[in-house]
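These protein sequence lines map, in sequence, to chains H and V. Number 138 in numbering that gives the first Met the number 0 belongs to position 139 of the first sequence; there are no gaps in the numbering. Number 187 in numbering that gives the first Met the number 0 belongs to position 188 of the second sequence; there are no gaps in the numbering.
Treat each hint with caution, since some may be false.
To be verified - Residues from chain V shown here face chain H by an in silico Cβ test under 10 Å; the list is partial:
hint : residue
1    : G108
2    : P146
3    : N305
4    : P307
5    : A410
6    : N411
7    : N413
Hints listed in this document are in silico derivations from the structure and should not be mistaken for laboratory results. The C-beta atom is built at its ideal place from N, Cα and C for all residues, glycine as well.
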Amino acid sequence: MRRLPVYLLLDTSGSMFGEPIQAVNNGVDVLVSTLRSDPYALETAYLSIITFNSSAQQVTPLTELSAFQKPTIDASGCTAMGEALSLLAQKVDTEVTKTTAEVKGDWKPLVFIMTDGEPTDDLNRGLAEFKKRKFGMVVACAAGQGANTDTLKKITECVVQLDTADSATIKAFFKWVSASVSTGSQKVEDAGVEVTGLSELPPPPPEVNIVV
Amino acid sequence: MELNKEIKDLLSNNILINCSDEEVIDFLTWRIKKDWQEYDKERMDKAVVIKNKIDALPISFPNGTVGKEYHASFSLPDDLVEDYWLEDVEAIGLKDEVNPTDNSCNLSGVPTEAGSYTFRLCYKYKGWVRGMANLERKFTIAINPDPKTLWKNIPTPTDIEYYQPDSECGYVKVESKNGQPQKDIVVASQRGRSHAHEGNPRDDHYRVEYLEQSGWYIMAVADGAGSAKYSRKGSSLACDAAVDHCKQFFADEKKVKDFEEYITVYNAEGNDEYKKLLGDYIYQLVGNAAFKGYKAIETEAKSHENVPMKLYSTTLLLSVCKKFDFGWFVGSFWVGDGAMCIYDKERQYIKLLGTPDGGEFAGQTRFLTMPEIFTDQASFYGRLRFSIEQDFTALMLMTDGVSDPMFETDANLNKVEMWDALYENISKEVELSDDNAESQYQLLKWLDFWSQGNHDDRTIAILY
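When you get a sec, could you build the whole thing from the sequences and use the hints?
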């Protein structure tokens with residue numbers, strides 16, 4: 000079966016402590032429970048969570064939606080975004096199947112990155128690894144005013160910004176991510192094509208602003 | 000307050016002999032309070048140590064699915080726990096059974112409702128006595144809905160452009176000749192669940208014919224690209240134009256006579272000169288048929304407000320064949336994914352009539368509507384095939400809606416056991432006996448098979 004891998008890269012640095020990290024936890028819960036009721040996503044989408052603070056770690060390996068159980072996500076430390084991108088590249092190599100004569104490959108992974116600050120490590124090294132891999136669609140989200148959208152633009156064309164990192168706004172972002180994964184799974188199953196740009200995703204809610 | 004007589008007697012013989020009752024009570028209260036605090040702290044500490052150990056045990060429960068048997072088991076070390084049980088699992092439709100001999104527990108049942116559920120593992124830790132609180136550890140699992148119940152089946156609105164029915168089937172019956180049963184064609188096409196869920200039309204198409212006069216069979220199936228707005232028209236134009244071209248070719252008696260003569264000579268002598276001559280005929284026949292399909296789409300796109308041709312993107316699998324005294328002549332053209340194969344069960348023989356077009360990542364295929372299919376001569380010739388074959392069980396053409404779930408990979412298309420499995424799978428539900436026109440409905444029903452993540456339109460044509 001052709002899987003649609005979805006990677007969430009979540010900033011869990013100290014600045015996310017409190018309300019924001021609680022909102023992220025709730026957001027992942029909502030994301031997963033919403034997608035479970037969508038037949039396209041339930042059968043096709045596979046989810047992995049990579050968190051980054053002083054280092055990057057894959058807290059949930061790529062898992063089919065029906066088997067996914069949310070890990071507890073805590074906040075502390077700095078913002079090793081570069082390392083997170085390197086780890087993502089590594090995991091895509093091992094977890095995402097390419098089509099060969101022997102094996103029917105997966106769809107290109109969807110990636111959602113959420114951060115509230117500037118990277119504290121060397122972003123370029125991770126970025127170089129990341130750029131060598133093929134992704135379907137990469138959306139970077141600047142949560143609040145502390146994140147630099149210019150930095151995120153280096154990672155992807157598709158950058159969105161949340162005015163504040165409060166729970167209502169973060170929840171709105173995760174709902175939009177969920178709708179986007181639904182659209183992505185439907186497109187691959189229905190039409191056999193992958194989403195490639197923000198214009199193909201559902202329109203973001205008012206809390207989520209597209210950065211041009 | 001008065002001291003109990005027995006305690007009083009006990010104390011009076013001892014050091015408290017000169018104390019008043021009040022003093023004794025005050026002393027005892029002080030002493031017991033202190034001891035109790037110490038005792039309470041010690042047992043709490045013990046409980047915390049055990050709780051931490053239990054919390055750290057690698058116990059996890061998988062998620063379940065509505066209507067599907069659920070089973071999980073685990074055990075707790077009996078040096079930590081006296082007795083344990085699960086609470087709140089009934090709400091999920093599950094039952095826990097603890098086996099005291101090895102302290103193991105089975106959690107099983109059939110979940111009835113989807114949702115997220117939290118339940119508790121409650122236990123009496125070692126050293127627990129009545130009156131002490133039970134300890135617990137919480138678990139959360141998800142019960143997934145049965146994906147089959149999530150798919151809706153919305154009929155396609157009949158007033159859309161290029162409407163075609165959500166399913167179709169057909170049977171071409173060829174009467175016995177000289178007491179010999181002749182091969183028939185059964186074909187069916189079914190809209191995929193993913194299209195049905197949205198009320199979108201079926202994009203697959205087929206066309207099959209038997210030409211009574213010349214004895215040639217023509218079969219075409221096409222898969223309109225789901226991403227292309229008018230692909231349902233693309234697939235039907237491709238099939239129709241290609242089959243019409245072949246019919247026209249076979250209507251030219253002189254041409255057919257020459258063609259068949261070359262086939263006969265080629266079979267007898269097998270030399271390169273005739274091979275080349277036949278190659279030219281195949282080019283004219285199925286090669287040009289494919290090109291007619293391309294042109295038909297081009298014309299349609301132009302007349303339809305000059306929209307781009309890629310809105311009509313479609314694959315095309317086309318095969319022509321005829322039975323001769325010495326065997327079958329089979330010619331074919333193939334662009335895109337899907338599968339087209341001659342299969343003989345007895346001889347354990349398969350022959351793919353081309354190579355499917357795949358990509359590095361899933362979902363990249365070639366379409367008839369791409370001009371490079373025709374401009375790149377070398378690759379175009381590669382799509383044309385002809386051969387002389389011994390009699391066979393079946394010649395099958397199918398879109399990827401069938402071949403993906405049945406074969407999964409292109410490599411598997413070359414494995415005869417995979418074709419055995421497919422044919423057996425079909426034969427279980429479809430009675431492939433001579434002149435059985437009923438089999439078209441059985442085949443259509445068979446196309447409804449369940450395969451996770453594979454809900455594309457499905458079309459299969461079988462010459463048997």
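Subject >> Given hint G108/V near chain H, where the shortest CB pair must fall under 10 Å >> reply: violated, 18 Å
Going by Cβ atoms only, is N413/V closer than 10 Å to chain H?
holds, 9 Å
Given hint P307/V near chain H, where the shortest CB pair must fall under 10 Å
Violated - the Cβ of P307/V stays beyond 10 Å from chain H, reaching only about 15 Å at its closest.
Residue hint N305/V, partner chain H, criterion CB-CB below 10 Å: violated, 23 Å
Does N411/V pass the interface check with chain H, least Cβ-Cβ distance below 10 Å? holds, 8 Å
Would you check whether A410/V satisfies its interface hint, that is, whether its CB is within less than 10 Å of any CB in chain H?
Holds. Min distance 5 Å.
Query raised in the report: Any CB of chain H closer than 10 Å to the CB of P146/V?
Result: Interface hint status for P146/V: holds (5 Å vs cutoff 10 Å).
Going through the hint list in order, the structure does not satisfy hints 1, 3 and 4.
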